[in-house]
Structures are given as structure tokens and as C-alpha cells.
Amino acid sequence: MRRRAIECICITAMLMAMMATSGCMWSRVRMNEAENNDMVLRSQKVQSGQTRNADLLRIMGTAPNTVTPLRDGRQLYAYHVADSKTKGFSLILVSFAKTNSRTDSVFFLMSPNGVVEAAYRGKPENIPWEWWPFDE
Amino acid sequence: MNTSLRHIFVAHLAAWSMLFIVSGCTFHKSVINDEVRHMDTSFIRPNETTAHDIVMRLGPPPPPPDNLQREKVFTEDFLRYSCIETKTTRFEIGYILILPFAWSDTQAIDEILVEFNPDRTVRNVVRTQRETRWAPLASEESRAPAKTQRTPKGGTR
Numbered sequence: 004m005r006r007r008a009i010e011c012i013c014i015t016a017m018l019m020a021m022m023a024t025s026g027c028m029w030s031r032v033r034m035n036e037a038e039n040n041d042m043v044l045r046s047q048k049v050q051s052g053q054t055r056n057a058d059l060l061r062i063m064g065t066a067p068n069t070v071t072p073l074r075d076g077r078q079l080y081a082y083h084v085a086d087s088k089t090k091g092f093s094l095i096l097v098s099f100a101k102t103n104s105r106t107d108s109v110f111f112l113m114s115p116n117g118v119v120e121a122a123y124r125g126k127p128e129n130i131p132w133e134w135w136p137f138d139e
Numbered sequence: 007m008n009t010s011l012r013h014i015f016v017a018h019l020a021a022w023s024m025l026f027i028v029s030g031c032t033f034h035k036s037v038i039n040d041e042v043r044h045m046d047t048s049f050i051r052p053n054e055t056t057a058h059d060i061v062m063r064l065g066p067p068p069p070p071p072d073n074l075q076r077e078k079v080f081t082e083d084f085l086r087y088s089c090i091e092t093k094t095t096r097f098e099i100g101y102i103l104i105l106p107f108a109w110s111d112t113q114a115i116d117e118i119l120v121e122f123n124p125d126r127t128v129r130n131v132v133r134t135q136r137e138t139r140w141a142p143l144a145s146e147e148s149r150a151p152a153k154t155q156r157t158p159k160g161g162t163r
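Protein sequences appear in the order of chains U and Y.
Counting in the numbering used here, the first sequence runs from 4 upward without gaps.
Counting in the numbering used here, the second sequence runs from 7 upward without gaps.
Don't take each hint at face value.
[What the hints assert, rightly or not] Pairwise CB distance ranges (calculated):
{"no.": "1", "chain 1": "Y", "residue 1": "GLN155", "chain 2": "U", "residue 2": "ASN116", "range": "37 to 47 Å"}
{"no.": "2", "chain 1": "U", "residue 1": "PRO115", "chain 2": "Y", "residue 2": "GLN155", "range": "35 to 45 Å"}
{"no.": "3", "chain 1": "Y", "residue 1": "ARG51", "chain 2": "U", "residue 2": "ASP75", "range": "16 to 26 Å"}
[To be verified] Here are the simulated DSSO-like cross-link-like pairs (lysine-lysine), alpha carbons at most 27 Å apart as the crow flies:
{"no.": "4", "chain 1": "U", "residue 1": "LYS88", "chain 2": "U", "residue 2": "LYS126"}
{"no.": "5", "chain 1": "U", "residue 1": "LYS88", "chain 2": "Y", "residue 2": "LYS78"}
{"no.": "6", "chain 1": "U", "residue 1": "LYS126", "chain 2": "Y", "residue 2": "LYS78"}
{"no.": "7", "chain 1": "Y", "residue 1": "LYS78", "chain 2": "Y", "residue 2": "LYS153"}
{"no.": "8", "chain 1": "U", "residue 1": "LYS126", "chain 2": "U", "residue 2": "LYS90"}
{"no.": "9", "chain 1": "U", "residue 1": "LYS126", "chain 2": "U", "residue 2": "LYS48"}
Because the hints were derived from the structure by calculation, they are not lab data.
Where is the CB? At the ideal position from N, CA and C, for every residue including glycine.
Take these sequences, add in the hints, and give me the full structure.
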């Protein structure tokens, strides 16, 4: 009887420990983004044909991440942002995790005299939190 | 302590030790820029569609994530859109010292490369799709060969 009781206590303790040490985890990493789509929202204030170089820096808050000179004297300013979501599920002996990441750019085509000719931006979408890694 | 109690104690001690020593295996998948897989490039017409049309429709090409690939995604001569997937299998032994039993496979599972003529119209479009595998559970031989579609067929003019 006493042996059975000790066994029960041990097994219960093991199960409780397994439950306590398994669980979920979440992690999020953002790059160059104060708030969701902040860079894209800022870029919508830029007016093609009117906004000048200095105004662009003020509106966007920073210098571009890359500047690519084009053959005809124009320049392409690129601002980059990134968002990454990781979710995991752990069962002590086996763990599953998935990371969904998205990188985005906003491009400004600058004329040789420093005026924004055109702005190009993607359509930012929320990336999902997922933990199952075997999906297609 | 009698013999049977000592056996129970040793059995449970062994079970606990195993739980702490073998902490298990981890399957992790990472997908970067999944939206590239759903991009429709059928509107692109060689020698007609311009870089401006493509960026307005598809958006600027997503920048490469740090440490994965350093090559450019745009110049005056091309645009590149990539979806990158990594599958990692990790066998973890020990809590204090984790031994490095990790296998990882990273591929650009969908990559669109648009090349331009000097007048900034499209010269050709190459779309390549690849598969990642769960190493070491799936062998290199089990990976399907990369599929490449080129528009116009046969290459550049």
C-alpha cells in the first residue's frame, strides 16, 4: 500500500514537472520600424514632383538605407523595414517552432536637382503567428 | 530503506535524469517574404513592360535579410524578389552543455529575377522554385529538382 502511494506521488510529480516545463514561446523582432507600417505611413506624406531632398529626410526621420545612382544622373533612395514573428510549442522531448518574417522597402526616385520624382511602396500586410512547421 | 523502495527510488531517479539529460528535438521552420510565392508575373510583357510598371504593381523588391544573402535585389539592370525558407532539425542533449546536433537547409524557394534592356523595358523574366528538406530525416536525393520558368522562352533577345 505504501509502495503504491510512493509510486503515485512520484508519477504525479513527474507529470506535473512535464506540464510545468512544457509550453509556448513567442518572439518578435522589428527593424527600422517604430510602429506597424510607420515607414510606409510616413512615405505617404511625400509628394512626387514637390518634396525636396531636405524635406524627405525630415518626413522620413532618417537618411535612406541605400542610395543607388542611376545612369541618367537620378538617384534611387531606399528605406528598408523588417518584421519577424516566432511562435513555438514545446513538449520537453519535442519542440515545434515557426518564424514568419517580412522585409519591405520604400523607394524614392530622385531627380538630378534633388526633387522626388516618384515614390514606390509595397502593400504591408500583417504576418501571422504560427507554430506548426510542417505546413506547405 | 527496504529493497523494493530502493528500486523505486533508483527507477525514478533514472527517469528524472533521462528527462534532464535528453531535452529532446526541435523542428523549426523560418519563412521570409512568403508573399513572393503568391506574386503573379503574368502581366509582364518582354520589351513592353517597364521597371516602373513592375514596381508599381508588385512593390519594391524586398531587401535581403542580414547574414543570409548579401547580393543586391535591384540595380538599373534587374530586380530580384525572393522568398527564403530555412528548415532546422536540432537534437538537444543536456541542459548545461547543448551539443551541436543541428541540421539546417536554406533555399530561395521562390525567386523572381526580372532583367531590363537599356531602355528600361523588360528583357526577360526568370522564376525559379526550389524545395527545402528536413535534414537529416530527408536525404539530399529526396529533394525535387529546381523548377525554372523563363519568359520569353528560349532566353534573351
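Structure-based check of each hint:
1. GLN155(Y) x ASN116(U): 37 to 47 Å: About 42 Å separates the Cβ atoms of GLN155(Y) and ASN116(U), which means 37 to 47 Å holds.
2. PRO115(U) x GLN155(Y): 35 to 45 Å: holds, 38 Å
3. ARG51(Y) x ASP75(U): 16 to 26 Å: With Cβ atoms ~24 Å apart, the hint holds.
4. LYS88(U) x LYS126(U): holds, 18 Å
5. LYS88(U) x LYS78(Y): holds, 25 Å
6. LYS126(U) x LYS78(Y): holds, 21 Å
7. LYS78(Y) x LYS153(Y): holds, 22 Å
8. LYS126(U) x LYS90(U): holds, 24 Å
9. LYS126(U) x LYS48(U): This hinted pair holds, its Cα atoms lying about 16 Å apart.
Of the numbered hints stated above, none is contradicted by the structure.
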